[in-house]
Amino acid sequence: DGRGGKFCANVAGFEEGCVVLTVGDPVRGVTESLQITLAPSVIKPERMEWMLEKSCELGMTEWAPILTERSTVKLSRERWQAKTERWRKIAVESCKQCGQAKVPSLREPVLFKELLLEAAAFDAAWIPALCVPGEALQTAFAKTPKVRKVLVLIGPEGDFTEKEVERAVSEGIKTVSLGSSVLRAETAALYVLSAAQFFYSASTAPRNYNK
Numbered sequence: 001d002g003r004g005g006k007f008c009a010n011v012a013g014f015e016e017g018c019v020v021l022t023v024g025d026p027v028r029g030v031t032e033s034l035q036i037t038l039a040p041s042v043i044k045p046e047r048m049e050w051m052l053e054k055s056c057e058l059g060m061t062e063w064a065p066i067l068t069e070r071s072t073v074k075l076s077r078e079r080w081q082a083k084t085e086r087w088r089k090i091a092v093e094s095c096k097q098c099g100q101a102k103v104p105s106l107r108e109p110v111l112f113k114e115l116l117l118e119a120a121a122f123d124a125a126w127i128p129a130l131c132v133p134g135e136a137l138q139t140a141f142a143k144t145p146k147v148r149k150v151l152v153l154i155g156p157e158g159d160f161t162e163k164e165v166e167r168a169v170s171e172g173i174k175t176v177s178l179g180s181s182v183l184r185a186e187t188a189a190l191y192v193l194s195a196a197q198f199f200y201s202a203s204t205a206p207r208n209y210n211k
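Under our numbering, the residue at position 116 of the sequence shown is numbered 116, and the numbers go up by one with no gaps.
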């Protein structure tokens, strides 16, 4: 239903080329243990949309785009509202395609400094950056094995500025490294999402050791 609910259904018939279903009892599911807010800097439209689509597939909980010093896309508030509505349609279609029962909440873009004010509400917050050193991503995960709400900031083409990273660190956000390769913004986002889902799903899954 787009809000996390799954239900059994029976095919009741066909009307005007559509399948008609009779909705039955809800399906008991597993409660999500990890809630990931992805805060990517706004980049070129086609790449931003691709990032959103794949992030939905990887279980992102919230999409909170940011406007940074090196953001190249500048729009009026009305056009941002239209852009957000388009993003919402993409998110819904992506969740349908991959079987995600809950559609991520989507925000309109805000200034980088405004989002930083929310950092304290998260159990952990990370900012991959090339302009300053950061600890390995797996090390950052290992230091925070019991988290529920996390924030991941992704920079634009050309990375965050040193000033922006310093400001993020002052708000308690940890700098992390994604390795020696220079990744595109959308690749960096999917890298962190995939790694986080793998690490935290593995760390909370029941273990059965055969002797």
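I should point out that these hints are in silico values taken from the structure, not numbers from a laboratory. Computed from a predicted structure; not experimentally measured. We put the beta carbon where it would ideally sit given N, CA and C, even for glycine. Don't take each hint at face value.
Unchecked claim - With a Cα cut of at most 27 Å, we get these calculated BS3-like pairs of lysine-lysine:
{"id": "1", "residue 1": "Lys54", "residue 2": "Lys89"}
{"id": "2", "residue 1": "Lys54", "residue 2": "Lys146"}
{"id": "3", "residue 1": "Lys113", "residue 2": "Lys74"}
{"id": "4", "residue 1": "Lys54", "residue 2": "Lys96"}
{"id": "5", "residue 1": "Lys83", "residue 2": "Lys174"}
{"id": "6", "residue 1": "Lys113", "residue 2": "Lys163"}
{"id": "7", "residue 1": "Lys102", "residue 2": "Lys74"}
{"id": "8", "residue 1": "Lys102", "residue 2": "Lys6"}
{"id": "9", "residue 1": "Lys113", "residue 2": "Lys174"}
{"id": "10", "residue 1": "Lys6", "residue 2": "Lys89"}
{"id": "11", "residue 1": "Lys143", "residue 2": "Lys113"}
{"id": "12", "residue 1": "Lys146", "residue 2": "Lys74"}
{"id": "13", "residue 1": "Lys6", "residue 2": "Lys96"}
{"id": "14", "residue 1": "Lys54", "residue 2": "Lys44"}
{"id": "15", "residue 1": "Lys149", "residue 2": "Lys113"}
{"id": "16", "residue 1": "Lys6", "residue 2": "Lys163"}
{"id": "17", "residue 1": "Lys89", "residue 2": "Lys163"}
{"id": "18", "residue 1": "Lys96", "residue 2": "Lys113"}
{"id": "19", "residue 1": "Lys83", "residue 2": "Lys113"}
{"id": "20", "residue 1": "Lys6", "residue 2": "Lys44"}
{"id": "21", "residue 1": "Lys96", "residue 2": "Lys83"}
{"id": "22", "residue 1": "Lys44", "residue 2": "Lys146"}
{"id": "23", "residue 1": "Lys174", "residue 2": "Lys89"}
{"id": "24", "residue 1": "Lys102", "residue 2": "Lys163"}
{"id": "25", "residue 1": "Lys163", "residue 2": "Lys146"}
{"id": "26", "residue 1": "Lys163", "residue 2": "Lys174"}
{"id": "27", "residue 1": "Lys174", "residue 2": "Lys146"}
Said to hold, decoys possible - Each pair of labels, with its calculated beta carbon distance range:
{"id": "28", "residue 1": "Gly24", "residue 2": "Glu57", "range": "25 to 33 Å"}
{"id": "29", "residue 1": "Ala121", "residue 2": "Cys8", "range": "35 to 43 Å"}
{"id": "30", "residue 1": "Gln81", "residue 2": "Val20", "range": "32 to 40 Å"}
{"id": "31", "residue 1": "Ala195", "residue 2": "Pro133", "range": "30 to 38 Å"}
{"id": "32", "residue 1": "Thr72", "residue 2": "Ser194", "range": "42 to 50 Å"}
{"id": "33", "residue 1": "Arg28", "residue 2": "Val92", "range": "20 to 28 Å"}
{"id": "34", "residue 1": "Glu166", "residue 2": "Phe7", "range": "43 to 51 Å"}
{"id": "35", "residue 1": "Asp123", "residue 2": "Pro26", "range": "22 to 30 Å"}
{"id": "36", "residue 1": "Glu166", "residue 2": "Ala9", "range": "28 to 36 Å"}
Hint-by-hint comparison with the structure:
1. Taken as a hint, the Lys54 and Lys89 pair is honoured in the structure, with Cα atoms around 14 Å apart against an allowance of 27 Å.
2. Annotation: proposed proximity of Lys54 to Lys146 holds, straight-line Cα distance about 25 Å (limit 27 Å).
3. The suggested pairing of Lys113 with Lys74 holds, with an alpha-carbon distance near 17 Å, which does not exceed 27 Å.
4. A threshold of 27 Å between alpha carbons decides the hint, and for Lys54 with Lys96 the separation of about 12 Å falls inside it, so the pair holds.
5. Note on Lys83 and Lys174: the hinted pairing is violated, with a Cα-Cα distance of about 30 Å set against a maximum of 27 Å.
6. Taken as a hint, the Lys113 and Lys163 pair is honoured in the structure, with Cα atoms around 11 Å apart against an allowance of 27 Å.
7. Taking the CA atoms of Lys102 and Lys74, the gap is about 30 Å. The hint is violated against a cut of 27 Å.
8. Among the hinted pairs, Lys102 with Lys6 is consistent with the structure: their alpha-carbon atoms are about 9 Å apart, no more than 27 Å.
9. Restraint check for Lys113 and Lys174: the C-alpha separation of about 16 Å stays at or below 27 Å, so the hint holds.
10. The suggested pairing of Lys6 with Lys89 holds, with an alpha-carbon distance near 20 Å, which does not exceed 27 Å.
11. Taking the CA atoms of Lys143 and Lys113, the gap is near 26 Å; set against the 27 Å cutoff, the hint holds.
12. Proximity of Lys146 to Lys74 is assessed by CA-CA distance (about 38 Å); at most 27 Å being required, the pair is judged violated.
13. Taking the CA atoms of Lys6 and Lys96, the gap is near 12 Å; set against the 27 Å cutoff, the hint holds.
14. Between the alpha carbons of Lys54 and Lys44 the distance comes to roughly 16 Å, so the proposed pair stays at or under 27 Å and holds.
15. A distance of roughly 20 Å separates the Cα atoms of Lys149 and Lys113; the hinted pair therefore holds under the 27 Å criterion.
16. A C-alpha spacing of about 45 Å is found between Lys6 and Lys163, which places the hinted pair above 27 Å, so the restraint is violated.
17. For the proposed pair Lys89 and Lys163, the alpha carbon gap of about 35 Å is over 27 Å, so the pair is violated.
18. Taking the CA atoms of Lys96 and Lys113, the gap is about 34 Å. The hint is violated against a cut of 27 Å.
19. For the hint pairing Lys83 with Lys113, the CA-to-CA distance comes to about 21 Å; that is within 27 Å, so the pair holds.
20. With a CA separation close to 35 Å, the supplied pair Lys6 and Lys44 exceeds the 27 Å bound.
21. For the hint linking Lys96 to Lys83, the alpha-carbon distance of about 20 Å falls within 27 Å, and the restraint holds.
22. Straight-line distance between C-alpha atoms of Lys44 and Lys146 comes to about 35 Å, which puts the hinted pair past the 27 Å bound.
23. Simply put, Lys174 and Lys89 have alpha-carbon atoms about 32 Å apart, too far for the 27 Å limit, and the pair is violated.
24. As the CA atoms of Lys102 and Lys163 are separated by approximately 36 Å, the hinted pair breaks the 27 Å bound.
25. For the suggested pair Lys163 and Lys146, the alpha carbons sit about 30 Å apart, so the restraint of at most 27 Å is broken.
26. Using a Cα cut-off of 27 Å, the hinted pair Lys163 and Lys174 holds, with the two alpha carbons roughly 14 Å apart.
27. Between the alpha carbons of Lys174 and Lys146 the distance comes to roughly 16 Å, so the proposed pair stays at or under 27 Å and holds.
28. For Gly24 and Glu57, the hinted distance range of 25 to 33 Å is satisfied, since their beta carbons lie about 27 Å from each other.
29. At about 36 Å, the CB distance of Ala121 to Cys8 agrees with the hint of 35 to 43 Å.
30. In this structure the hint that Gln81 and Val20 lie 32 to 40 Å apart at CB holds, the actual value being about 34 Å.
31. Separated by about 19 Å at the C-beta atoms, Ala195 and Pro133 break the suggested range of 30 to 38 Å.
32. For Thr72 paired with Ser194, a C-beta distance near 26 Å fails the hint of 42 to 50 Å.
33. Evaluation of the 20 to 28 Å hint for Arg28 and Val92 yields a pass: the beta carbon distance comes to about 24 Å.
34. Evaluation of the 43 to 51 Å hint for Glu166 and Phe7 yields a pass: the beta carbon distance comes to about 49 Å.
35. In this structure the supplied range 22 to 30 Å holds for Asp123 paired with Pro26, their Cβ-Cβ distance being about 29 Å.
36. In this structure, Glu166 and Ala9 break the distance hint of 28 to 36 Å, their C-beta atoms being roughly 53 Å apart.
Checked against the numbered hints given earlier, the structure breaks hints 5, 7, 12, 16, 17, 18, 20, 22, 23, 24, 25, 31, 32, 36 and satisfies all the rest.
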